[in-house]
Amino acid sequence: MKESRLPRYSANLGLLLLVLFFLWPFYWMVSGSFKNSSVSIQIPPEWFPLHPTLDNYATLFAKHPINSWFYNSFFISVVSTCLVIVTSSLASYSLAKIRFRGSKALFGLMVAAMAIPHSVLLIPLFNVMQQFHLVNTLWGVLLPVVGWPFGVFLLKQFIQTLPEELIDAAKIDGCSELMTFRKVILPLAKPGVAVLAIFTFVNSWNDYVWQLIMLNEKHMYTLPVGVKFAQKIQEFDNNMGMAMAGAVLATLPVLIVFLYFQKYFTEGLTLGAVKG
Amino acid sequence: MKPITLARRGLNKQVIGWLFVLPMLLFFITFVLYPIFYAIKSSLYRFDYTRYYWVGFGNYAALLKNELFRMSIKNTLIFVVFMVPSVTFISLLLASLICSHGKKLQSFFKATFYIPTVSSLVSIVIIWEYIYNFQFGMGNYVLKSIGFEPINFLGVNYVYFSLMLVLLTMSLGAPIVVFTAALNGIPKDLYEASAIDGAKAVRKFFNITFPMLKPTLLYVVVTSTIGSFQIFAIILIMTGGGPAYKTTTIMMLIYREAFINMNFGIANAMGIVLCILICFIAFIQFKLLKSDVEY
Chain Y
1 MKESRLPRYS
11 ANLGLLLLVL
21 FFLWPFYWMV
31 SGSFKNSSVS
41 IQIPPEWFPL
51 HPTLDNYATL
61 FAKHPINSWF
71 YNSFFISVVS
81 TCLVIVTSSL
91 ASYSLAKIRF
101 RGSKALFGLM
111 VAAMAIPHSV
121 LLIPLFNVMQ
131 QFHLVNTLWG
141 VLLPVVGWPF
151 GVFLLKQFIQ
161 TLPEELIDAA
171 KIDGCSELMT
181 FRKVILPLAK
191 PGVAVLAIFT
201 FVNSWNDYVW
211 QLIMLNEKHM
221 YTLPVGVKFA
231 QKIQEFDNNM
241 GMAMAGAVLA
251 TLPVLIVFLY
261 FQKYFTEGLT
271 LGAVKG
Chain X
277 MKPITLARRG
287 LNKQVIGWLF
297 VLPMLLFFIT
307 FVLYPIFYAI
317 KSSLYRFDYT
327 RYYWVGFGNY
337 AALLKNELFR
347 MSIKNTLIFV
357 VFMVPSVTFI
367 SLLLASLICS
377 HGKKLQSFFK
387 ATFYIPTVSS
397 LVSIVIIWEY
407 IYNFQFGMGN
417 YVLKSIGFEP
427 INFLGVNYVY
437 FSLMLVLLTM
447 SLGAPIVVFT
457 AALNGIPKDL
467 YEASAIDGAK
477 AVRKFFNITF
487 PMLKPTLLYV
497 VVTSTIGSFQ
507 IFAIILIMTG
517 GGPAYKTTTI
527 MMLIYREAFI
537 NMNFGIANAM
547 GIVLCILICF
557 IAFIQFKLLK
567 SDVEY
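Sequence order for the protein chains is Y and X. Quick note on numbering: our numbering labels position 176 of the first sequence as 176, and the sequence is numbered without any gaps. Quick note on numbering: our numbering labels position 65 of the second sequence as 341, and the sequence is numbered without any gaps.
Simulated from the structure, these hints should not be mistaken for lab results. C-beta atoms are modelled at their ideal positions from N, C-alpha and C, and glycine is treated no differently. Take the hints with a grain of salt, since some may be wrong.
[Claimed, not checked] Selected chain X positions facing chain Y (Cβ under 10 Å, derived; list incomplete):
no., residue
1, Val297
2, Tyr310
3, Ala387
4, Met414
5, Ile502
6, Ala534
[What the hints assert, rightly or not] Quick partial rundown of chain Y residues pointing at chain X, CB under 7 Å, derived from the structure:
no., residue
7, Ile123
8, Lys228
9, Thr270
Could you build the full structure based on these sequences and the hints that come with them?
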């Protein structure tokens with residue numbers, strides 16, 4: 001037994017070092033955001049902000065419409081998440097349990113479309129949005145998210161596993177399809193819906209390139225696009241404290257959502273991989 | 277009476293079925309199918325500042341002669357060839373280390389490695405640009421303190437290394453979660469049985485772990501290949517394709533062609549070529565990894 005311990009310890013030590021390597025940039029971001037500009041670029045670095053300041057945040061809020069950016073990001077993520085949940089849960093129930101004529105072919109078409117790399121769609125999608133006059137609007141950013149059939153793919157697998165007897169029982173009690181869906185299916189599919197909601201929220205928040213292409217006025221930007229814009233106009237030039245404050249603003253909301261709903265992420269990923 | 281109600285119910289089922297799918301279907305047609313057809317159509321046209329004119333496969337033929345396009349394929353392949361094996365190997369290694377711990381620690385590790393995946397890309401790039409800064413970045417500070425010369429992380433010599441390090445931290449989260457779940461799912465008595473037979477760790481891996489892991493392995497390899505072919509956002513933000521086009525991947529070139537040169541036809545032709553390339557390679561991987569599951 002004794003000789004097998006050494007590799008175990010060193011393996012765990014390696015794991016620990018990697019954990020530090022992964023967490024450290026985020027520590028550096030948060031602590032850096034509280035340093036003033038000269039401290040943020042001093043060598044050797046100040047490992048912990050000795051004189052923490054909120055100046056970086058104050059300047060950012062004073063110079064840029066951070067509140068609008070936050071609102072835009074939030075609006076896009078929340079509305080697209082709601083729409084995705086309504087449309088995909090309805091469609092998934094129908095494809096999994098009503099099984100009308102053509103449902104198999106339709107599902108096949110949606111899965112096949114998902115094989116197309118998402119980024120290849122960016123450019124034609126932009127042209128389509130031009131035709132609809134939706135460029136530089138929040139709706140233009142969020143509506144295409146609803147078209148992507150990932151939600152149907154995920155929820156159909158989930159709803160399919162629900163027992164048929166429940167639906168039959170509801171029908172015998174005189175429930176219409178819509179009532180069966182609302183009263184029986186939706187409550188049971190809650191874990192799947194939660195997974196889908198969180199994934200959609202985070203993905204919409206982080207869809208930086210699409211937002212960058214679509215939004216071209218300062219007050220229309222989302223948080224990530226706005227923060228990148230502030231960096232581009234050299235707002236952060238050699239003021240790494242302010243750059244870090246911007247980075248914190250752009251990522252904190254999704255990070256909170258992730259840490260709070262962490263369990264659903266792991267569930268959703270394994271659901272997609274093992275059953276798909 | 278009865279046959280009529282049944283028939284009506286059958287008809288109802290069709291109508292209601294389609295009604296339930298309708299909202300999703302409308303979005304799907306408008307924002308997925310229509311853009312696909314639009315891309316194919318637009319790849320057959322060219323724009324000369326006043327009007328569109330039909331060029332047939334002219335845009336595709338032009339790609340063959342386009343040196344930048346060839347270079348971008350080469351650059352993309354460099355990323356794919358490095359990223360796919362590293363992501364697969366490192367995440368499998370980490371997952372097997374994580375697996376030996378209790379439930380609480382497992383979820384802590386998974387969360388830690390997943391954080392860069394869910395964070396905003398803009399934030400990640402800003403942090404790493406700080407770390408990579410030549411004068412006051414942590415990277416060079418560490419290098420100097422262990423006795424090395426400072427390096428220009430985003431210069432010609434180190435740009436691949438620097439980008440791939442960031443990309444690696446962002447790409448390990450999902451595979452680790454998936455591998456951990458798969459490893460936890462392997463029945464423990466399989467190992468116990470082989471331990472009784474006196475099997476060594478290496479043989480255990482190849483006789484039990486590897487075959488049991490094959491579907492997950494296939495999933496990770498295919499998804500990370502598809503992802504690596506599309507590497508783009510981080511390049512757009514961090515290097516803009518430079519220095520000297522060294523990091524111009526296919527997607528980066530497509531973006532430039534569309535939004536800087538306004539050649540949407542050529543950009544869409546490139547996109548379609550990329551799409552075919554990805555599908556082709558994913559298909560081959562599927563065949564290779566799938567076929568020897570049942571030997």
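Quick rundown of the hints versus the structure:
Below 10 Å, beta-carbon pairs count as interface contacts, and X:Val297 has one with chain Y at about 5 Å; its hint therefore holds. Interface restraint check: X:Tyr310 against chain Y, minimum CB-CB distance 6 Å, threshold 10 Å, status holds. Contact between X:Ala387 and chain Y, as hinted, is supported at the beta carbon level, the nearest pair being about 5 Å apart and thus within 10 Å. The interface hint given for X:Met414 is met, as the beta carbon of that residue sits about 7 Å from the closest beta carbon of chain Y, less than 10 Å.
Checking X:Ile502 against chain Y: minimum C-beta separation of about 6 Å stays under 10 Å; hint holds. Satisfaction of the interface hint for X:Ala534 is found here, the shortest Cβ-Cβ separation to chain Y being roughly 5 Å, below the 10 Å cut-off. Interface restraint check for Y:Ile123: the shortest CB-CB distance to chain X comes to about 5 Å, inside 7 Å, so the restraint holds. Annotation: Y:Lys228 was flagged as interfacial toward chain X, and the flag holds, the nearest CB pair being 5 Å apart, inside 7 Å.
Interface hint at Y:Thr270: satisfied, since its Cβ lies 4 Å from the closest Cβ of chain X, which is below the 7 Å cut-off.
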